[in-house]
Amino acid sequence: MVQMELYLVVSTFMMFVGIYGFFTRRNLLAMLISVELILNSVDINFAVFNRFLFPGQLEGFFFALFAIGVSAAETAVAIAIIINIYRNIRNIQVKNLNEMKH
Amino acid sequence: MKEILHFLSEAKYSSFIIKIVIMTLNLIVFIVLALFIGVCSVLAVTTGRILRAATYLLFVLFGTAGIYFQLNYSFLGAVQLLIYAGGITVLYVFSILLTSSQGDKAEPLKSKKMIAGLASTLAGLGICLFVMLKHKYLPSKFVEGELDVRTIGHTLMGMDKYQYVLPFEVISILLLACIVGGIMIARKR
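Sequence order for the protein chains is E and W.
The numbers in my numbering rise by one with no breaks, and the one at position 2 of the first sequence is 2.
When you read off a place in the second sequence, starting at 1, and then add 102, the result is the number in my numbering.
A portion of the hints provided could be inaccurate.
Below, a sample of chain W positions facing chain E; criterion: calculated Cβ distance under 10 angstroms [claimed, not checked]:
(1) TYR115
(2) PHE118
(3) ILE120
(4) ILE122
(5) ILE133
(6) THR148
(7) ILE169
(8) GLN172
(9) LEU211
(10) VAL251
(11) ASP262
(12) TYR266
(13) LEU276
These are calculated hints, taken from the structure and not from any lab test.
Please read all numbers here as calculations on a predicted model, not as lab measurements.
A virtual CB, placed ideally from N, CA and C, is assigned to each residue, including glycine.
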């Protein structure tokens with residue numbers, strides 16, 4: 001079987017690609033896509049640790065399951081907020097967001 | 103007698119060969135998945151058009167589901183495909199179509215900002231990889247075999263220790279709050 005560290009390398013790479021996107025993107029939806037990448041990499045880690053280190057238990061499995069549910073909820077609310085912002089200022093760029101203040 | 107012994111030893115040998123072949127196939131599948139995930143995730147955060155970014159995100163989610171399937175967690179892979187690839191990506195595509203006009207491209211990044219982001223990210227990646235590869239984990243072993251759905255169901259619905267009916271109920275309330283919140287935020291007034 002493939003070594004555990006290889007899976008962890010993949011998920012770490014994915015997480016930092018997500019962080020890079022979060023730093024550099026200037027569009028709210030693109031930033032949300034980067035956040036999805038980060039959440040997804042953490043889910044991989046939970047599943048891998050459960051499978052390789054604690055094969056008799058199910059904690060990591062269920063944590064990944066609930067994390068998927070929570071991230072679905074988070075995405076739905078965030079997209080509702082973004083559409084509301086678009087309705088107000090006709091734009092979802094981060095630099096225009098302070099127009100929402102007045 | 104001698105022939106039988108010879109046959110047995112050959113059978114042992116062939117099972118060993120089969121094991122090696124399976125391990126190599128597993129490794130090949132893993133490498134393909136890893137390259138797919140890596141390339142698609144980099145493209146998802148660097149491409150200029152946001153609809154393409156959503157499509158690459160979909161590919162990354164497919165690759166993640168492939169990793170779950172390879173770990174013999176078919177249920178988790180199916181959940182990943184259903185909720186992430188089926189639900190969330192559709193939500194993204196619809197909201198992108200609602201909020202950005204045709205041919206909308208991200209303005210090119212200032213090189214100073216890009217270098218700063220890249221440097222901090224690479225530093226974090228280096229530190230994390232270093233710590234992760236140096237750390238001595240518990241002895242890891244891969245137990246073959248599928249996790250059957252009966253176990254998952256009993257664990258999800260049981261009330262004993264290491265069973266998860268309380269998080270299940272809490273997450274149902276969270277989803278209800280999320281639906282109500284989404285409607286409240288996004289409705290027309």
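We went through each hint and held it up to the structure:
1. TYR115: This hint is violated: TYR115(W) lies away from chain E, its Cβ roughly 21 angstroms from the closest one there, beyond 10 angstroms.
2. PHE118: 16 angstroms, violated
3. ILE120: Since the shortest Cβ distance to chain E is 14 angstroms, the answer is violated.
4. ILE122: ILE122(W) check fails; min Cβ-Cβ to chain E is 12 angstroms, beyond 10 angstroms.
5. ILE133: 9 angstroms, holds
6. THR148: 8 angstroms, holds
7. ILE169: 6 angstroms, holds
8. GLN172: 8 angstroms, holds
9. LEU211: Because about 6 angstroms separates LEU211(W) from the closest Cβ in chain E, which is inside the 10 angstroms limit, the hint holds.
10. VAL251: 12 angstroms, violated
11. ASP262: Violated, about 12 angstroms.
12. TYR266: 5 angstroms, holds
13. LEU276: Holds. Min distance 6 angstroms.
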